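> Sequence:
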Amino acid sequence: DAYNAVKRDEKGYASVAELGQLAGNRSSFDARNYGFNRLSDLIETIPNFQHERREGGRSFVKRLR
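If you read the sequence shown in my numbering, its first letter stands for residue 102, the second for the next number, and so on.
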């Protein structure tokens with residue numbers, strides 16, 4: 102899946118921008134198809150992912166086990 106394909110930092114967080122780039126390569130995926138304007142908004146609703154906004158407004162996500 103896209104989460105496993107992107108680099109993660111030392112805490113296990115992946116850049117939502119990088120996830121979006123990978124997801125964008127799949128023409129069938131678009132967060133708007135799920136009622137969200139942005140991928141980060143969609144990710145915030147998924148219970149097994151922790152979303153974090155960092156300095157400069159950049160979004161990161163971590164899969165919870």
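One or more hints might be untrue.
[What the hints assert, rightly or not] Below 16 Å or equal to it, Euclidean Cα-Cα: the simulated EDC-like pairs (lysine to aspartate or glutamate) are: (1) Lys163 to Glu111; (2) Lys163 to Asp110; (3) Lys163 to Glu153; (4) Lys163 to Asp102; (5) Lys163 to Asp131.
[As the list claims (entries may be wrong)] Computed beta-carbon distance windows for the label pairs: (6) Asn149 to Glu119: 12 to 22 Å; (7) Glu156 to Ser129: 13 to 23 Å; (8) Glu156 to Ser128: 13 to 23 Å; (9) Asn126 to Ile147: 17 to 27 Å; (10) Arg166 to Glu145: 28 to 38 Å; (11) Thr146 to Ala118: 15 to 25 Å; (12) Glu111 to Gly136: 12 to 22 Å.
It is worth saying that the hints were derived from the structure and are not from the lab. None of the values given here were measured: they were computed from a predicted structure. Heads up, the beta-carbon is just placed ideally off N, CA and C, and yes, glycines get one too.
> Does each hint fit the structure? Answer for all of them.
Hint-by-hint comparison with the structure:
The suggested pairing of Lys163 with Glu111 holds, with an alpha-carbon distance near 11 Å, which does not exceed 16 Å. For the given pair, Lys163 sits about 10 Å from Asp110 by alpha-carbon distance, which is consistent with the 16 Å threshold. With a CA separation close to 8 Å, the supplied pair Lys163 and Glu153 stays within the 16 Å bound. Restraint check for Lys163 and Asp102: the C-alpha separation of about 14 Å stays at or below 16 Å, so the hint holds.
Proximity of Lys163 to Asp131 is assessed by CA-CA distance (about 20 Å); at most 16 Å being required, the pair is judged violated. Hint check: Asn149 to Glu119, Cβ distance near 19 Å, so the stated range 12 to 22 Å holds. Separation of Glu156 from Ser129 is about 33 Å and departs from the stated range, judged on CB atoms against 13 to 23 Å. Taking 13 to 23 Å as the suggested C-beta distance range, the pair Glu156 and Ser128 does not conform, at roughly 32 Å.
Range check, Asn126 to Ile147: Cβ separation about 20 Å, and the 17 to 27 Å hint holds. At about 19 Å, the CB distance of Arg166 to Glu145 disagrees with the hint of 28 to 38 Å. Separated by about 19 Å at the C-beta atoms, Thr146 and Ala118 satisfy the suggested range of 15 to 25 Å. Between Glu111 and Gly136 the beta carbons are some 34 Å apart, a value that contradicts the proposed interval 12 to 22 Å.
When the structure is compared with the earlier hints, violations turn up for hints 5, 7, 8, 10 and 12 and for no others.
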